[in-house]
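Protein sequences, first through last, are from chains A and B.
The numbering of the first sequence is numbering that gives the first Met the number 0, which starts it at 0 and goes up by one.
The numbering of the second sequence is numbering that gives the first Met the number 0, which starts it at 0 and goes up by one.
Some clues are possibly wrong.
Stated by the list, open to error - When the alpha-carbon atoms are kept at most 30 Å apart in a straight line, the in silico BS3-like pairs for lysine-lysine are as follows: (1) A/K56 with B/K2; (2) B/K287 with A/K152; (3) B/K243 with A/K56; (4) A/K56 with B/K378; (5) A/K165 with A/K141; (6) A/K171 with B/K243.
Keep in mind that the hints were calculated from the coordinates and are not lab data.
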Amino acid sequence: MIEVRWHGRGGQGAVTSVELLAVSAIAAGKYAQGFPSFGPERRGAPVAAFTRVDSQKINKRSGIYKPDVVLVLDASLIGLVNVTEGLKPEGKLIVNTHKTPDEIRKQLDFKGTVATVDGTGIARKEMGVPIANTTMIGALLKVTGMLELDAMKEAVEHRFGRIAQKNLAAMKRAYDEIKISN
Amino acid sequence: MGKRMGMEVAMAVAEAVGLCNIDMAAVYPITPQSHIAEHLSDLVANGEIDAEFVTVESEHSAMSAVIGASGTGARSYTATSSQGLMLMHELLPIASAMRLPICMAIANRAVSGPLNILNDHTDIMPQRDSGWISMFVENGQEAIDMSIIAFKIAEHKDVMLPVNINIDGFQLTHMVEPFEMPTQEEVNQFLPPFVPHATLHPAKPVTMGAFAMSDYFAEIMKAKDEALKNSKKVILDVWDDWAKIFGRTYKPVETYMADDAEILMLTMGSMGETAQVAIDELRAKGIKAGLVKLRLWRPFPLEEIKAVLKNTKKLIVTDRAISFGGPGGPVFSEIKSALYAEAQRPLIYNYIYGLGGRDVPVPDFVGMFEKVLADTAGKLADSYEFWGVRE
Chain A
0 MIEVRWHGRG GQGAVTSVEL LAVSAIAAGK YAQGFPSFGP ERRGAPVAAF
50 TRVDSQKINK RSGIYKPDVV LVLDASLIGL VNVTEGLKPE GKLIVNTHKT
100 PDEIRKQLDF KGTVATVDGT GIARKEMGVP IANTTMIGAL LKVTGMLELD
150 AMKEAVEHRF GRIAQKNLAA MKRAYDEIKI SN
Chain B
0 MGKRMGMEVA MAVAEAVGLC NIDMAAVYPI TPQSHIAEHL SDLVANGEID
50 AEFVTVESEH SAMSAVIGAS GTGARSYTAT SSQGLMLMHE LLPIASAMRL
100 PICMAIANRA VSGPLNILND HTDIMPQRDS GWISMFVENG QEAIDMSIIA
150 FKIAEHKDVM LPVNINIDGF QLTHMVEPFE MPTQEEVNQF LPPFVPHATL
200 HPAKPVTMGA FAMSDYFAEI MKAKDEALKN SKKVILDVWD DWAKIFGRTY
250 KPVETYMADD AEILMLTMGS MGETAQVAID ELRAKGIKAG LVKLRLWRPF
300 PLEEIKAVLK NTKKLIVTDR AISFGGPGGP VFSEIKSALY AEAQRPLIYN
350 YIYGLGGRDV PVPDFVGMFE KVLADTAGKL ADSYEFWGVR E
């Protein structure tokens, strides 16, 4: 089972991303859960969202405290939120930033895999908006291999209709451009 | 064959209700039920289902509206949570006394105060004695299945009682997870049209919910009690009908690794699956632990409970509600009372946990088992403890 914790701010679409990812993983024949951090949410405030994916039925319904992967949608949260809290030492940290993985590694003193991509820049170029939630799904899939990129197509098309292709293009670019440091 | 898919459970519940050919729904939105209200309203507004969606100004009005509509013979649905359910409270016994087969989802949430929007069972427990059939689900699939099954049970001529389906708020309602969504053809095959016993109609006047003083009131209460107790037979039959079409079997009391267990835990709702993970861990350590999941709360499955608990030495009853100043949690009190006359009874322990959305991860379940196993003298039995509470 892979457990992922997403960090973002209210309004940046972390919950949409965990939903799209879970729906796509399930459509691909896997078992998955996608859920928000329960409770009230305010635009701009730090929020978390969660994904579990497994090849077998998932019985655990409690929170995720020791994630395998942490994905940071908004690098301004680093320092504000302890994004590596509970992250397994051999785990993977993915950050939406123009910085290099080594810069992030140094900043957070994390020994596992660190991967970075300028998701916001890609989103701006591909979609004309600085919202990187779908873009960063591409980064996550590249780093974890939890699902094929093509598996996202149906859920993204269903959700976004005429702007779906732009989302998929941004996702593909993040998949191709992410820099990974093991 | 239904389609395997992923969706947020609250929306899936609305989709399932949408397959049931309802005539009307009156749903006042409240967290964490809101996505049921919103999505059902969408289905009606988009013309996907042919029903009236009555917008109301409160849950009291929502329940009043479904009572009125059900009285006319309309298949009626509502859903609520927490304070909304508390506001409906005075109408709930009226719906059951009038023998109206209303179906209601409860996205269980803590009752104020202090204000808390997260999950526990403090909203449903005060409704225990309102004369409704009351069941709990532990995952999205069960939430979907019971949402459809409820109509067939409620409307059966030998039942004619309202049903509430308890779906843990957030833990279930806000979870995107896999399930099989039945097809319209399958639901049509399973669920016959509603044939009401009597209907309110100006051309053929009848009285419902009439006045009764001491000369008749007790008889009416006894009739209601009998009706609720007798509904169990129909519930079992309807679950059998469901299994024949959909292949998923339901029982009033489910067990997991309980046959040879020396220590059992009893859960209700979404905690059951996480507790199962704890049982697996304990079994791996050689501890004969097992799980009992109470699905049917009313009518209380007395015989089934006695049968599954008859050989266990120790039983941990978990509660997600409190009876302040009482002998223990509401589920604990009922289980204890059910076993009192048995010649062979387990020591019964009670943990109150998961209040107001407090997470209960696997190590907490393991911890409860370990604490009870360590209590060799049975000193902690027959009393309750707030698990993990800071003092």
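Results for each hint:
Straight-line distance between C-alpha atoms of A/K56 and B/K2 comes to about 17 Å, which keeps the hinted pair within the 30 Å bound. Between the alpha carbons of B/K287 and A/K152 the distance comes to roughly 46 Å, so the proposed pair goes past 30 Å and is violated. Distance hint between B/K243 and A/K56 is fulfilled; the C-alpha atoms sit about 23 Å from each other, no more than 30 Å. Taking the CA atoms of A/K56 and B/K378, the gap is near 38 Å; set against the 30 Å cutoff, the hint is violated.
Restraint check for A/K165 and A/K141: the C-alpha separation of about 19 Å stays at or below 30 Å, so the hint holds. Taken as a hint, the A/K171 and B/K243 pair is broken in the structure, with Cα atoms around 45 Å apart against an allowance of 30 Å.
Hint compliance for this structure: hints 2, 4, 6 are broken, all remaining hints hold.
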